[in-house]
Every structure is written in C-alpha cells, then in structure tokens.
Amino acid sequence: NIISSGVVLGSDGFGYYDDRKGERHKVPQVGIVETGDDVEIGANTTIDRATLDKTYIGSNTKIDNLVQIGHNCYIGKDCYIAGQVGIAGSSRIGNRVTLAGQVGIVDHVVLEDDVVVLARSVVTHSIKKGEVVLGFPAKPANEAKKILASLSRLPKIIERLKKKGG
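Counting from -3, one number per residue, gives the positions in the sequence shown under our numbering.
FYI, nobody ran anything at the bench for these hints, they're computed from the structure. Hints may contain errors.
To be verified - Just the calculated beta-carbon pair ranges, DEER-fashion:
1. Gly32 / Arg156: 55 to 65 Å
2. Leu48 / Glu155: 56 to 66 Å
3. Tyr12 / Arg116: 21 to 31 Å
4. Leu147 / Thr120: 18 to 28 Å
5. Glu139 / Val106: 12 to 22 Å
6. Ile154 / Lys22: 45 to 55 Å
7. Ser122 / Asp34: 24 to 34 Å
8. Tyr12 / Gln80: 21 to 31 Å
9. Val23 / Ile(-1): 20 to 30 Å
To be verified - Below, in silico cross-link-like pairs of lysine to any residue (SDA-like), each with a Cα-Cα straight-line distance of 25 Å or less:
10. Lys73 / Gly100
11. Lys125 / Gln64
12. Lys135 / Val105
13. Lys50 / Gly85
14. Lys141 / Thr120
Computed from a prediction, not measured in an experiment: that's the story for all the values here. Idealized CB from N, CA, C, for every residue including glycine.
Between the sequences and the hints, there should be enough to build the whole structure, so can you do that?
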C-alpha cells in the first residue's frame, strides 16, 4: 500500500444526535479502517473509522489527493477515486467504480459494480450496475447531456413564447 503525506486514517466519523432536550451529543466512533492490498491513498485524504465495525477500502483501489470517505463506508476493489471527492457515511461502492473529480455522494447509497460518476456530479440515490451518470442530481449521462445542451436555447425559446403571447 502507498499512503501519501497528510493522510488521516481512522479519524472520528461525523456522527451526532439531538436528545429530547435539544442537546447535541457525539456518537462514539469505535470501529476501524481496513484496506486490501495495493491500495494507494493520495495526500491529505481522510478516511473516517466506522461507528462499530469497519470502513473498508478494497484491493487495488486508487484514491487521489483531498478525498473524504465517511464512517462505515465500503469501497470495492479496483476503484478509481479522483481528487476532491466526498463520500458520506455508510455508502457502499462496488468494484471497478470510477468517481471523477469533485463528485459528492450522499450517505447510505449504493453504487453497484462498474458505475462511472462523471465530474462534479452529486449522487443522491443508489446507482445500478454499469451506469454512467452526470449532474445534480446524478442521472444517466446521455439524458443529462441533452438537458445541458438544451439550456443554452432556453432564452430564445422563452422570447419566442412571449412574442406569441404564451
């Protein structure tokens, strides 16, 4: 394994709850971080330990600089995780998943095997095997590209509608 400068393995997960009086309390994080073989973790990446069990990084997974992996996450084998990705707690990432730069993943979602999440996308729901997704919220890339392409035409379409009295 290669662990670069500034990496923090096993920091406290971000777990809190409010009691009936409205007072905030920290949930103890007593689990561990475990990695498979040939894992590379880039500079200043943080991987939180699990609440009770383990946060796991699978064999041959490559993690770029400045990545945050939350508590209780499971990352499969042969994954690529680019810089500035944030994976919220208790998410499950399958094998051979690619997360491009600045991707955000909400807590408790599942990305099945062979998923590709394109840059700056936000995953708010689970993604099925082999899907390529884009956008916020992430949707199939072909659909998202059509939507993005049509946005530049909206001002002219609106102007035409106004002229027609629509």
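Does the beta carbon distance between Ile154 and Lys22 stay inside 45 to 55 Å, or does it fall outside? Roughly 50 Å apart at Cβ, these two residues keep to the hinted range, so it holds.
Given the hint that Lys50 pairs with Gly85, does the C-alpha gap stay at or below 25 Å? 11 Å, holds
Has the hinted range 21 to 31 Å been met by the Cβ atoms of Tyr12 and Arg116? With a Cβ separation near 28 Å, Tyr12 and Arg116 satisfy 21 to 31 Å, so the hint holds.
Is the hinted range of 24 to 34 Å satisfied by the C-beta distance from Ser122 to Asp34? At 27 Å between Cβs, range holds.
Is it true that Leu147 and Thr120 lie within 18 to 28 Å of each other by Cβ? The hint (18 to 28 Å, Cβ to Cβ) holds, given that Leu147 and Thr120 are roughly 20 Å apart.
Does the Cβ distance between Val23 and Ile(-1) fall inside 20 to 30 Å? The hinted range 20 to 30 Å holds for Val23 and Ile(-1), with Cβ atoms some 27 Å apart.
CB of Leu48 to CB of Glu155, is that within 56 to 66 Å? 58 Å, holds
Satisfaction of the hinted span 12 to 22 Å by the C-beta atoms belonging to Glu139 and Val106: 20 Å, holds
Hint check for Gln80 and Tyr12 - Cβ pair distance inside 21 to 31 Å: 24 Å, holds
Between the alpha carbons of Lys73 and Gly100, is the straight-line distance 25 Å or under? Holds, at roughly 20 Å.
Holds or violated: Lys141 and Thr120, Cα atoms, limit 25 Å. At roughly 18 Å apart (the allowed maximum being 25 Å), Thr120 and Lys141 satisfy the hint.
Take a look at whether the Cβ-Cβ distance between Gly32 and Arg156 falls inside 55 to 65 Å. Because 57 Å falls inside the window, the suggested range holds.
No hint from the list above goes unmet by this structure.
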